[in-house]
Amino acid sequence: MNGTIQAPTIEYGLLAPMLVVFGAAIIGVLVEAFAPRYLRSSIHKPLTLLSLAGAFVLTIWQARSGIPTKPAAMGAVAVDGPALFIWGTILVLAFVSVLLINDEGHFVASASAVPGSAEEERALSEGATHTEVYPLALFAVGGMLLFPAANDLLAMFVALEVMSLPLYLLCGLARRRRLLSQEAAVKYFLLGAFSSAFFLYGTALLYGYAGSVDLAKIGASLGAVGGQDTLLYIGAAMLGVGLLFKIGAAPFQAWKPDVYQGSPTPITALMASGTLVAAFGALLRVFWVALGGLEWSWTPIMWGVAILTMVTGAILAITQTDIKRMLAYSSIAHGGFLLIGVVAIGNQQQNASALSALLFYLVAYGFTTVGAFAIVTTVRDAGGEAWHLSRWAGLGKRRPLVATVFAFFLLAFAGIPLTSGFFGKYAVFQAAVDAGATPLVVVGVVSSAVAAFFYVRVIVLMFFSDPAADGPSVVIPGGTWAVGALATLATVVLGVFPQPVLDLAHTAAQSLFVR
Amino acid sequence: MEPAKIIEHSGGVIGVSWLLIALPLLGAAVLLLGGRRTDRFGHLLGVATAVASFVVGVLVFVQLLGFDPAERRLAVPLYDFIPGLTKMGLLIDPLSISFVLLITGVGSLIHIYSIGYMAHDPNRRRFFAYLNLFVAAMLLLVLADNYVGLYVGWEGVGLASYLLIGFWQHKPAAATAAKKAFIVNRVGDFGLAIGIFTIFTAFNSVSFAGVMASEAHPSQGTLTAIGLLLLLGACGKSAQLPLQSWLLDAMEGPTPVSALIHAATMVTAGVYLVTRSGAMFFPEGSTAAIAVTIVGVATLLAGAIIGTAKDDIKKALAGSTMSQIGYMMLAAGIGPAGYAFAIAHLITHGFFKADMFLGAGSVMHAMNDEVNMRKYGGLRKVMPITFATFLVGYLAIIGFPLLSGYFTKDGIIESVMEHSATLGWLAVLGAGITGFYMSRLVFMTFFGQKRWEADAHPHESPAVMTWPLIILSVGSIFLGAFLILGNRFMTFLAPAVGRPEELPSFHPFSVAGLATLALVAAGAAFAWVKYGKAEVPVVAPRGSFLTTFARRDLYGDALNEALFMRPGQWLTRLAVFFDNRGIDGLVNGLAAGIGGTSGRLRRVQTGFVRSYALSIFVGAAILVGAWFVVGNL
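Chains as they are written, first to last, in my numbering: chain A, 1 to 515; chain B, 1 to 633.
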């Protein structure tokens, strides 16, 4: 070092998509600070959508102009094939979620007001809204972009926090059921902080082992350092805890139902799609680049976690009576299915095909879940969205189209052929069988069968029960309509004609993760 | 003489003979898919397609006559039906064209008649759609040049029959009758299906030409098995013993349906099947052929006996249909000597039985849909045209000299007599019973005192209904002489089914012929004494055990119930029991187990963030510990 400080080199071009999102987020903050209240919303909406669309175009452009083979930003960020694919996925899903956020009535008028107080009444009557939602969402999306691309543990930790902190806030902004929303935010924050501590401690232990936080260097030092295995195992396990928490894998899934339920539904959609994709990207990178040489030791553990996650998600979903909690448990179960893909990647020989299967599954699931939560926002009672399943009885008779689309999403979750969910599951299970993880696939199939029960139960409820006289009304604002249509389209196209996206995922996976 | 070779031909009208099937099928499709929009002209379209199909049939017939008799077996290839198994094509030969003319000709007349008969039915359009569907399926059945195509048509007519028997499905009796017909036919169809599978296994082909030309020589046992399986199919469709029970109930359908499907055409499909397969699977003297004759003679007697006791005019006619088809089966069973008589009787029967069914329909139409003959009587004066045409049909069926039935039925009896004297005398006995029950029917309906219900005001039917009756009765008079005299029909049919080396000659005063006439006359006279001269009680008397026996359809239904229905119900109950207790118990137990687990595990989700944190902590500890253990293995 010689006491001189070298100026860091940053490949701005490569990081452009992320920078666009962060830049727009900062502009959003400035808008909040300086623009008059009545203008804010009409500035935020186009700004947010345009920045996400622009970032998506840049991602495409980058993928077409050649995938770099070396990490960027002095080794801190790796813009490689999988990262670009995940970026594209996150940006599209975020775009769709923002369409959902755009529609009125999801967010509180004044978050600081005590629920039910005169102050809240006043804010409501003034028509106040929290337009901060937009920059917060953009910061979260930026974090989601950085998280799976981060090539050292510190950058990854920063990304984790950039992603999570805005989400903690957003969780507490639901317009209805204020207490539940605030409770969700606090729970998410506390547990998130708890898991971040694990992540950070794991980082520290791995640094102690490898002398670096760079993923590639940690990977290279495996086996080269003698006598420090305890440090390695405990560090790797703790890092794993932090990542698995974000995925919502069992036994770290407890936050998911409470948070998904309490959050404003558009934010739930963003978390259930974007966060999950980002977290899987990061998990894959850590376990593949840094801990790939340790595969023999983490595969059995991943098996256990995957089985526990699938079974917990599927079984607990059965007795749920709340549509959002049911979808949360469904999300847990799907996390388990995706973990099967992670196990399959661990096998050296066929990691590219497994990786592409996993990437496809993420796209398929992301779209369907955003669509499902979009439908949840439309079914409303006097007190807000109608979450209790009994309120959904007979929806098929009142609003056949809405119920049919929702039924279609549920079938996609169940993995019925001609939906995207079928090919997602099929690809992942196939990869796992090729990797010799057949028992895991058997558990996956059985869990799918159990899960199909509660999906179909909702369909039966919607179509074969008589609607209540005072049943919920269905309100479909323009943005939600577009989201439903897009998600349906994606679920159909990926289910009937999956090859282009499979090919794209395959191309992305072919280059694997850069070191 | 053996049947002629099948040659491919696709010129002239024969090249477009698929129109025969396509036209009524199009009619059915338009009427069914068009829905209420076609209500206004539905019946006219239905008639138009049937008549158009008849016109095509006549043109095809004319073109066929232009061929040398030895070349009158033309295959019209259409398309690859089941790739690698069979092509779909039509077989135009004297046998199939005879059926085509009968189906489309009588079919058209019945279509026209139905315009009047169904005039007040709100679903008349649907009725015509089903009739068209039936005609298309029946034509496919007789025109297909392979067994699979025949089977498709076979199932198609079964479907149309089901739909039409149950056309008035608001009547529970009609709905039940439709189901019964369908289920009993299923037994026969199953036999036919297995028969076709066996044919394919044995010959590696399912086309008539392929089977005939096949080099494979399956064992005698296989051939007999195929023959018996085809016979089972024929028994189902043609209401022969032991699958006869559905036909009487099928009379719940509208009367034109009974005339077209359950008298003139569909129920003769079994005769067609046996005749068509005769050279291959029912050679003279084979076990299968003997079985056919036994089934035929048993049914002709059983049907006649049932006919003697029925007071329901349509059921009496249905018993008669069973009996007459029994004659045809009997003739078909004795080989080339009988085929021509079987088919000729089939055609004349198609005319006079359709005539009588439509006449019965005309009577019912006049009598507020009353079917009980004990409440008719003396109708000849108020319905002169119906009476006259019915009388012609009646005289034809009992074999009054020089009318159609005289020639064809006598031909059957004569040829059977040469084959086996026992069977021949049984057929003569059947003719005598026919003379009795048909006379009974006519006397009870048209003669004697009026026994009408108070609100009955009988009147002659409209022209749209009487003209078909007149045309059919003309056929009933002359067709038999035209076909039989000079062996015209046997010579015509020979290229398709073969014929005996020595053509039979017609003896008007043979022993059997005279005996038949005498017995028929005795039967008619007995009926006159019992039902013409004497007063017919309005409430049926109890009668002897023989009467009861006949009234109960010879205990056919009781037998079916005891042998099949009750054991079947026990079996299903047993299966349901096992399903409920065993399989469902397992499944439900598993589901309950999972649900219970879910309910218990759910309590772990306390909602307290401290317990969540604890679970994360414990989970992390386990993860770290596990990794530590695995890593140090």
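Don't read these hints as lab results, they were simulated from the structure. Check each hint, because a few of them may be wrong.
Derived coverage of chain B by chain A (criterion: at least 3 residues anywhere in the stretch with Cβ under 8 Å from a Cβ of chain A; other residues may be distant) [claimed, not checked]:
{"hint": "1", "stretch": "421-433"}
{"hint": "2", "stretch": "624-632"}
Residues of chain B clear of chain A, computed beta-carbon distances all greater than 12 Å [claimed, not checked]:
{"hint": "3", "residue": "E155"}
{"hint": "4", "residue": "H170"}
{"hint": "5", "residue": "L554"}
{"hint": "6", "residue": "L601"}
Given the structure is predicted, the values throughout are model-derived calculations rather than measurements. Even glycine gets a Cβ: it sits at the ideal position worked out from N, Cα and C.
Next on the checklist: For a quick check of understanding: which of the numbered hints are violated here, in increasing order?
Outcome noted: 1 and 6
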